[in-house]
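Read left to right, the sequence shown gives residues 1 to 272 (this note's numbering).
If you're looking for bench data, these hints aren't it; they were derived computationally from the structure. Every residue gets a Cβ at the ideal spot worked out from N, C-alpha and C, and that includes glycine. Treat each hint with caution, since some may be false.
FRET-style restraints, in silico, Cβ to Cβ [to be verified]:
1) E175 - Y260: 22 to 30 Å
2) N45 - R235: 27 to 35 Å
3) V113 - L267: 21 to 29 Å
4) D201 - G116: 32 to 40 Å
The calculated lysine-lysine pairs, modelled on DSS-like cross-linking and capped at a C-alpha distance of 27 Å, are [claimed, not checked]:
5) K38 - K97
6) K96 - K86
7) K86 - K112
8) K96 - K189
9) K76 - K97
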Amino acid sequence: MNNSSITITPLFSGSSGNAILLSSGNTNILVDAGMSCKKIVEALNIVKMNPYDLSAVMITHDHSDHISGLDVFTRKFAIPIYATLKTWRGIHAVEKKPHSPDLDNEIIPDEKVQIGDFVITAFDTPHDANGSCGYRFDTDGCSAAIATDIGMMTPVVFDHLRGCTGILLEANYDEDMLWNGEYPYYLKKRIAGENGHLCNDDCARTAVTLCKNGTRHFILGHLSKENNLPQVAERTFLRAMEDEKLVRDRDFTLRVAKRYEPTEPLLLEVML
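Using the sequences and the accompanying hints, generate a full structural model.
This is the structure in structure tokens:
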């Protein structure tokens with residue numbers, strides 16, 4: 001009997017910076033590079049990953065908490081990079097030094113691309129960054145998705161998440177903390193808007209439906225430093241699951257991605 005597996009390891013997650021490692025067999029993909037090159041390398045070393053063993057870097061969008069380390073990382077390690085055309089325009093606009101154009105690969109939403117053991121599909125996400133996307137990773141019988149920076153859960157996003165074995169899903173803010181916090185009103189509106197971020201309640205409601213459609217493993221990611229807390233996001237999630245009689249560690253597993261250091265790897269495994 002063979003087994004198909006994917007390991008998801010958030011290296012950093014949150015408005016301070018994002019980078020997520022996905023591995024299957026000999027294929028290792030880094031999603032986003034939103035910390036300095038030095039910190040990304042240190043995090044990879046912690047999880048026993050050599051940067052030269054990366055097969056590709058997939059970028060979700062061009063905001064600094066997703067690309068701040070990409071410029072140096074790319075020139076140092078020469079790893080192929082994938083992003084949408086509009087995201088590439090944003091990446092090139094902030095590069096301090098050019099890297100080899102041979103490393104640049106355009107990814108088109110809804111078109112599958114094979115990288116090693118993964119079949120990867122990008123999907124459009126509603127966010128205030130041109131070309132913003134999430135990614136679904138499929139292997140034989142196992143699947144994972146990264147879905148953050150989502151102003152609202154659209155049918156397009158949900159359709160790409162449906163049936164995934166495991167998902168890193170945004171739980172950016174608690175509504176009470178946001179609206180009663182110190183952010184200026186325009187920023188609160190931007191975060192809570194349809195092209196902003198996903199709140200704990202919407203994340204939890206989405207997860208309930210995903211769980212009923214076969215998803216068993218969840219990582220809450222991209223938590224706001226100012227407008228959320230891990231225990232608040234987790235409590236909201238568990239309350240929604242309990243309301244539907246879904247039991248932790250029986251019907252689903254849950255963890256919250258750490259902000260400044262690698263989170264314990266999540267192994268998704270399907271026996272074939």
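Evaluation of the provided hints:
The given range of 22 to 30 Å is respected by E175 and Y260, whose C-beta atoms sit roughly 25 Å from each other. Checking the proposed 27 to 35 Å range against N45 and R235 shows it holds: the Cβ atoms sit about 34 Å from each other. Checked against the hint of 21 to 29 Å, the pair V113 and L267 passes, with Cβ atoms roughly 24 Å apart. Range check, D201 to G116: about 37 Å between beta-carbon atoms, so the 32 to 40 Å window is met.
With a C-alpha separation of about 17 Å, the suggested pairing of K38 with K97 holds against the 27 Å cut-off. Restraint check for K96 and K86: the C-alpha separation of about 19 Å stays at or below 27 Å, so the hint holds. For the proposed pair K86 and K112, the alpha carbon gap of about 18 Å is at most 27 Å, so the pair holds. This hinted pair does not check out: K96 and K189 have alpha carbons roughly 32 Å apart, beyond 27 Å.
Proposed proximity of K76 and K97 is supported: the alpha carbons are some 12 Å apart, at most 27 Å.
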